[in-house]
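Those sequence lines, one after another, are chains A and X. The numbering of the first sequence is the numbering used here, which starts it at 1 and goes up by one. The numbering of the second sequence is the numbering used here, which starts it at 1 and goes up by one.
If you are wondering where the hints come from, they were derived from the structure by calculation, not from laboratory data. All values reported here derive from a predicted model rather than from experimental measurement.
Derived EDC-like pairs (lysine to aspartate or glutamate); straight-line CA-CA distance at most 20 Å:
(1) X/Lys232 with A/Glu192
(2) A/Lys157 with X/Asp20
(3) A/Lys190 with X/Asp229
(4) A/Lys39 with X/Asp40
(5) X/Lys303 with X/Asp415
(6) A/Lys188 with X/Asp229
(7) A/Lys188 with X/Asp197
(8) A/Lys190 with X/Glu172
(9) X/Lys330 with X/Glu168
(10) X/Lys176 with A/Glu192
Beta-carbon label-pair distances, calculated as ranges:
(11) A/Ala123 with X/Phe126: 54 to 60 Å
(12) A/Ala67 with X/Gly24: 47 to 53 Å
(13) X/Ala44 with A/Ala67: 32 to 38 Å
(14) X/Gln422 with A/Asp4: 57 to 63 Å
(15) X/Gly178 with A/Asp114: 22 to 28 Å
(16) A/Ala115 with X/Gly127: 44 to 50 Å
(17) X/Ala41 with A/Asn171: 28 to 34 Å
(18) X/Val395 with A/Asn191: 43 to 49 Å
(19) X/Lys327 with A/Val29: 55 to 61 Å
(20) X/His43 with A/Ser156: 24 to 30 Å
Beta carbons are placed, not taken as given, at the ideal position from N, Cα and C, and that holds for glycine.
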Amino acid sequence: MNHDNYDDNYIRSILNGVKSIAMVGASPVNVRPSYFAFKYLAQRGYDMIPVNPGHVGKSLLGKPFVASLSEIGRSVDMIDIFRNSSHIMPVVDEALELPTPPKVIWLQLGARDDAAAAKAEAAGIKVVMNRCPKIEYGRLSSEISWMGVNSRTLSSKRAPVPTQGMRLSLNRTSVGGGATSASDRAAKNKNELT
Amino acid sequence: MTDRLPGFSTLAVHAGAQPDPTTGARVTPIYQTTSFVFNDADHAASLFGLQAFGNIYTRIGNPTTAVLEERVAALEGGTAALAVASGHAAQVVVLQQLMMPGDEFIAARKLYGGSINQFTHAFKSFGWNVAWADPDDIASFERAVTPRTKAIFIESIANPAGSITDIEAIAEVARKAGVPLIVDNTLATPYLIRPIDHGADIVVHSLTKFLGGHGNSLGGIIVDGGTFDWSKGNKYPMLTEPRPEYHGIKIQETFGNFAFAIACRVLGLRDLGPAISPFNAFMILTGIETLPLRMQKHCENAKAVAEFLAGHSAVAAVNYAGLASDKYNKLARKYAPKGAGAVFTFSLRGGYDAGVNLVSNLKLFSHLANVGDTRSLVIHPASTTHSQLDDAAKVKSGAAPDVVRLSIGIEDKDDLIADLEQALSA
Chain A
1 MNHDNYDDNY IRSILNGVKS IAMVGASPVN VRPSYFAFKY LAQRGYDMIP VNPGHVGKSL
61 LGKPFVASLS EIGRSVDMID IFRNSSHIMP VVDEALELPT PPKVIWLQLG ARDDAAAAKA
121 EAAGIKVVMN RCPKIEYGRL SSEISWMGVN SRTLSSKRAP VPTQGMRLSL NRTSVGGGAT
181 SASDRAAKNK NELT
Chain X
1 MTDRLPGFST LAVHAGAQPD PTTGARVTPI YQTTSFVFND ADHAASLFGL QAFGNIYTRI
61 GNPTTAVLEE RVAALEGGTA ALAVASGHAA QVVVLQQLMM PGDEFIAARK LYGGSINQFT
121 HAFKSFGWNV AWADPDDIAS FERAVTPRTK AIFIESIANP AGSITDIEAI AEVARKAGVP
181 LIVDNTLATP YLIRPIDHGA DIVVHSLTKF LGGHGNSLGG IIVDGGTFDW SKGNKYPMLT
241 EPRPEYHGIK IQETFGNFAF AIACRVLGLR DLGPAISPFN AFMILTGIET LPLRMQKHCE
301 NAKAVAEFLA GHSAVAAVNY AGLASDKYNK LARKYAPKGA GAVFTFSLRG GYDAGVNLVS
361 NLKLFSHLAN VGDTRSLVIH PASTTHSQLD DAAKVKSGAA PDVVRLSIGI EDKDDLIADL
421 EQALSA
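Using the sequences and the accompanying hints, generate a full structural model.
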């Protein structure tokens with residue numbers, strides 16, 4: 001898998017396929033990016049589980065925090081990790097130890113660990129790094145276009161009127177896929193420098 | 001479903017637009033409304049807190065304007081865009097995200113006269129200091145860099161003489177200085193030059209010119225290249241520090257490679273207020289659909305008119321980068337192989353008086369202070385757009401007293417040449 005840029009079909013199949021998402025590093029503080037993403041994905045119908053040992057006893061939008069992946073007590077389709085690049089490997093190791101490992105491990109915007117990704121992929125797990133599922137969902141559904149963002153998709157079909165909690169169609173025609181080539185290049189250069 | 005990148009003309013017609021979900025209207029409707037109802041209190045709070053995508057108030061965003069923004073972002077190869085009331089507003093909003101009082105930016109000396117004024121005088125009261133550099137001397141940009149430098153600003157095809165700027169060389173200076181390169185791409189449009197492909201980080205436009213193209217609506221736009229790492233060196237607190245007006249959100253951390261466009265929207269446009277009218281956004285959007293066709297015709301006509309003038313005995317010199325003999329022809333062939341644009345200058349052997357005579361004798365060309373219209377336009381920069389500059393600055397910026405500027409329209413070129421011919425011999 002080329003982790004510098006992803007084919008839209010890869011991202012689309014993940015977001016269309018997963019139903020439950022455990023978010024490691026979810027924050028109850030409502031200005032943190034993890035809170036934004038958690039809330040958005042819950043509103044789009046995903047079964048969200050907040051994982052953060054610092055907040056056990058509290059809940060996030062009605063979902064109780066659990067301390068670790070093993071304490072979820074059931075299988076999840078995707079693990080979305082809101083941790084810095086240096087804290088990824090232990091989470092991946094823990095995920096691989098689960099009775100039923102996840103189908104997808106997703107590393108948030110800014111996070112990348114190629115060794116951890118290779119380990120997960122060797123176990124048959126799909127990996128996405130340095131992306132935000134909220135942004136990707138918004139982009140592929142074109143909902144993000146409200147913000148003037150280049151969704152890199154086109155459609156000549158009439159979209160349904162969106163209602164609350166509704167899953168949006170992600171099956172628009174992709175143009176080029178993912179981020180722009182200039183921004184991909186900049187991200188790659190940054191990654192090589194660090 | 002394939003990841004096939006459509007061509008420029010397809011994007012010019014389709015990017016950002018889709019049939020209206022409610023009515024099925026195929027053309028983007030004009031959402032001429034100030035405000036948008038919320039689903040409930042939580043939805044309202046989510047929108048105000050930047051947690052959800054959606055519409056609040058037309059000063060911050062509007063569905064018609066959003067189509068325009070996505071379309072220009074797609075045409076420029078940027079990650080996002082923000083439309084504002086004018087090209088001048090775009091420049092204020094961009095620099096407000098980058099500059100604190102006492103900071104500096106470097107600007108090419110060859111710019112639209114209005115920008116020279118804005119940078120020199122209006123920005124001075126904000127404590128933003130401009131350092132001028134010569135786009136024909138790359139080392140002059142390097143020499144102008146100081147620890148307070150926050151950005152470099154150039155025009156791709158520069159006013160008034162249509163000279164071509166070496167974007168890649170100046171992008172390299174910006175990269176070394178650790179500051180973003182801002183390119184005003186108004187005279188080129190993305191059809192002729194895409195500055196982000198050449199290393200620019202931010203593109204601004206006056207949409208009023210070729211993009212809208214019909215001289216009927218003002219507008220400006222900011223395109224985020226998604227290429228600049230704002231976190232490096234802690235130079236850009238608007239992007240990286242917690243924002244008190246949003247309860248401590250950090251814009252870059254939250255919005256990644258389109259953070260700059262979001263900062264311009266939620267910190268710049270929201271608080272400074274220069275919103276574009278949805279009606280103007282609609283007019284400009286309609287104009288953009290024919291941008292490739294118009295630019296081809298503009299460039300073809302401009303070249304024919306420039307060639308005619310170059311061979312006329314009353315003309316002392318023609319500055320058009322599309323002419324093989326022009327000093328900027330090599331750069332034009334590199335950066336703008338499809339055409340060198342349609343704005344250029346020439347000087348008359350008869351000097352200032354001959355220029356004034358020519359302008360008053362033309363019958364098809366309109367004498368006015370705009371460029372990039374379907375109609376051919378003429379102006380005498382020294383007495384109008386560049387009149388606030390002193391004589392030395394006029395010469396340096398390419399607006400010497402004997403210079404006449406043309407913006408060539410999409411009429412039949414033979415008619416344009418005939419009009420110039422009669423006016424030159426009158």
